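Construct the entire structure; sequences and hints are all you get.
Residues per chain are reported as follows:
There are 2 protein chains.
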Amino acid sequence: MFDGLSHEALAARERALSAQFESLKKAGLALDLTRGKPSPEQVALSDGLDEALGGDYRLDDGTDARNYGGLLGIPEARRLGAELLGARPEETIAGGNASLTFMYQYLLHAWLNGPLGPETAWRHEPGPLKFLCVVPGYDRHFTITESLGFELLDVPIRDGGPDMDEVEALVADDPRIKGIWCVPKYSNPTGHVYSDEVVERFAHLARRAGPGFRIMWDNAYAVHDFDDAPPVLVNLLDRCRAAGAEDSAVLFGSTSKITRAGAGVAFMAASPANLSSFAKHLGVQTIGPDKVNQLRHVRFLRDADGIRAHMRRQASIVRPKFERVLHHLDAGLASDGLASWSRPRGGYFLSFEAPEGLAAAIVGLAGEAGVKLTPAGATFPYGRDRRDSNIRLAPTYPSLDEIDRAMPVFVTAVALAAARRRLGQAAAHA
Amino acid sequence: MFDGLSHEALAARERALSAQFESLKKAGLALDLTRGKPSPEQVALSDGLDEALGGDYRLDDGTDARNYGGLLGIPEARRLGAELLGARPEETIAGGNASLTFMYQYLLHAWLNGPLGPETAWRHEPGPLKFLCVVPGYDRHFTITESLGFELLDVPIRDGGPDMDEVEALVADDPRIKGIWCVPKYSNPTGHVYSDEVVERFAHLARRAGPGFRIMWDNAYAVHDFDDAPPVLVNLLDRCRAAGAEDSAVLFGSTSKITRAGAGVAFMAASPANLSSFAKHLGVQTIGPDKVNQLRHVRFLRDADGIRAHMRRQASIVRPKFERVLHHLDAGLASDGLASWSRPRGGYFLSFEAPEGLAAAIVGLAGEAGVKLTPAGATFPYGRDRRDSNIRLAPTYPSLDEIDRAMPVFVTAVALAAARRRLGQAAAHA
Chain A
2 MFDGLSHEAL
12 AARERALSAQ
22 FESLKKAGLA
32 LDLTRGKPSP
42 EQVALSDGLD
52 EALGGDYRLD
62 DGTDARNYGG
72 LLGIPEARRL
82 GAELLGARPE
92 ETIAGGNASL
102 TFMYQYLLHA
112 WLNGPLGPET
122 AWRHEPGPLK
132 FLCVVPGYDR
142 HFTITESLGF
152 ELLDVPIRDG
162 GPDMDEVEAL
172 VADDPRIKGI
182 WCVPKYSNPT
192 GHVYSDEVVE
202 RFAHLARRAG
212 PGFRIMWDNA
222 YAVHDFDDAP
232 PVLVNLLDRC
242 RAAGAEDSAV
252 LFGSTSKITR
262 AGAGVAFMAA
272 SPANLSSFAK
282 HLGVQTIGPD
292 KVNQLRHVRF
302 LRDADGIRAH
312 MRRQASIVRP
322 KFERVLHHLD
332 AGLASDGLAS
342 WSRPRGGYFL
352 SFEAPEGLAA
362 AIVGLAGEAG
372 VKLTPAGATF
382 PYGRDRRDSN
392 IRLAPTYPSL
402 DEIDRAMPVF
412 VTAVALAAAR
422 RRLGQAAAHA
Chain B
2 MFDGLSHEAL
12 AARERALSAQ
22 FESLKKAGLA
32 LDLTRGKPSP
42 EQVALSDGLD
52 EALGGDYRLD
62 DGTDARNYGG
72 LLGIPEARRL
82 GAELLGARPE
92 ETIAGGNASL
102 TFMYQYLLHA
112 WLNGPLGPET
122 AWRHEPGPLK
132 FLCVVPGYDR
142 HFTITESLGF
152 ELLDVPIRDG
162 GPDMDEVEAL
172 VADDPRIKGI
182 WCVPKYSNPT
192 GHVYSDEVVE
202 RFAHLARRAG
212 PGFRIMWDNA
222 YAVHDFDDAP
232 PVLVNLLDRC
242 RAAGAEDSAV
252 LFGSTSKITR
262 AGAGVAFMAA
272 SPANLSSFAK
282 HLGVQTIGPD
292 KVNQLRHVRF
302 LRDADGIRAH
312 MRRQASIVRP
322 KFERVLHHLD
332 AGLASDGLAS
342 WSRPRGGYFL
352 SFEAPEGLAA
362 AIVGLAGEAG
372 VKLTPAGATF
382 PYGRDRRDSN
392 IRLAPTYPSL
402 DEIDRAMPVF
412 VTAVALAAAR
422 RRLGQAAAHA
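Just so you know, the sequences run in chain order A and B.
Counted from 1, the first sequence has number 330 at position 329 by our numbering; the numbering is strictly sequential.
Counted from 1, the second sequence has number 142 at position 141 by our numbering; the numbering is strictly sequential.
Rather than coming from a laboratory, the hints here were simulated on the basis of the structure.
Misleading hints may appear alongside valid ones.
[To be verified] Some chain B residues close to chain A (C-beta under 8 angstroms, calculated; not the full set): (1) LEU171; (2) ARG261; (3) VAL285; (4) VAL293.
What you are looking at is a predicted structure, and each value in this text was computed from that prediction instead of being measured.
Even for Gly, the Cβ is constructed at its ideal location relative to N, Cα and C.
Following this line, the structure appears as structure tokens:
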């Protein structure tokens, strides 16, 4: 961007960007691009949930959803979750309102009680136990394993998924690595979809790592496609079963970003051995999940076709917002070669790679001008992005108009941070 | 019952009871008096929940209940839960569909992370850790502490609550006792209400036991009164605060047996120090509870007066069933002096004390005749009733007609088991 500029020209450019930025600050914006929240228009698509029951609370098998029972979820919801996760209904359980809770509970169970019986409890193994984290990734995943005392190891993501050479080398060397966090489709925050080869390598990794290794497969964006010919993710549970390592795959998903954020239904799929062990743990703390809400969801979404139709309506709201963000990035920064960003075909985030060492400065500048961004580093374990480069952008919640006001602030902040650094470097060399 | 009978008369009586029992068996009953489930008529009282939102998802503070956020519950639900538990709204949190989950999570947190910070984590204390269980009591409580590795100690319940002399002596002697399980109002299964003196003694016990001791106060039947002048339970949190031991009281409740079993809202109340520590643990595994269901409940129940009115409708269904069970017990067994039973003024259970050593036999006989009872011993830790005497009766789910068919089986089973034993004893002495 600033290559070949004289010191004077660079200084003039910095002054121009500063002036531009000051005028943006005067607009008094208060915009938030931090969290992957659906917009009001998106959640309103599911207001029909509240009429979906129509006073009929009977399941197909005659069970009254308003009463106790059903630890693993109602059969109808388990079938829906199985379609969503690409698993068999008997391998799929339907829970409460948060797949994150299933993830925590599953790992807590593996650590406390053992994933496949008391003699397999991780807490009795020599430590420190470790967990692999694909980075940039989802902070709440990392926090779960951190809270359970795991040491977290970064593995970088590439175009087709995690760097599998590195994953394989780490796992081969260290039996204390108990698993890995993955968001395999429209990965949070980069938007990557794991390639067929990566999924296949995971299955073989699982076989080699042995029965105590767990691939935490958070398929949060399984059906969150922007177009009608979306990328297809290979089924990890099938591949692990074929490789003789079915106990290593644990799949998660929910309707949180299909219907209501925080009032949907969570799903988990795993081998029968995993599920029967996990069910004992669940049964200690609950009689069962909210079956009425599960039934409400099944009546409203019906089946995979119903979900697809619903997600097309979601896409018509979300896709234009991603396009608008990309438009601002392309128009404002593409010619500079300063930074790069992902172009997801679905999901909730896109990922911006700032010039190394500038992410925190950019987030700080944007904040000064009233545009709140996910804190730099938040997409890494311990909040530590060694390159200080990744910034997660979440386009779903703001309106198009808000994106049009926020993105010039972001683009200007990037250019200004880069100009200031270049000017500082030039001064240091002068 | 059989005192003064000759051997022949006793044998004749046994034959008569056996014949009566055989004819009851021929009726081919399939009745279930096991679980504390509300009846279909009771849950139908809350079908208005599904119209309660009326398309309006806004909280008083403008928050959209359909989106993420609100770890500790919506303010409206916290206020409702505070009224229910007799706590302050800021001391009360509203969660998912199960207070049992709050109980598990709270104790897990105390054990894993420490109730008041990492240096207070129970798992780092010298073991074996122990927990007091008021017996007969609620099996799911006992299972929670058992699953976390606690050794469980029985404390018998008396008319006004647990035997506090014994509780005080045990706790004074053993710092490894970390707490006690209590159902203070209409105790499961005896129906006792803890007296003012017992609650006061708990508060002073807490002060003496120190900041690591926890009274798990499951007020599941707080508003489940049969009449309009119900017994009043003294507020434990207030008493503990007055005694300088507010961190020791942890209160639980839910709408599971007010609105829908398994699709209600759970509440927990505790000191600010407890709550802020616990909130960190909750925040690792969830973004927040189902706010839509919380709002639905607040709109439907409104406030304490709304709950009271609703519970009067519940009582009009439940009370006659208790009366009918008592009628059968009184008519069939009172004159014999063989057994005793409680006469609760609310709640979900009544408790039957069979002649010592006969509970399992009675449950077995009733089962042969198609009347399923809670397994003998289930109301004790490890399923072990040393006296083999307590049987829990749950009158809420069956209809009056089903009670009229089930109770003669029960009454006959009690008399038959007693007659057979007496006959065996007589034979042994002959």
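Which of the listed hints are broken here?
-> Violated hint: only 1; rest satisfied.
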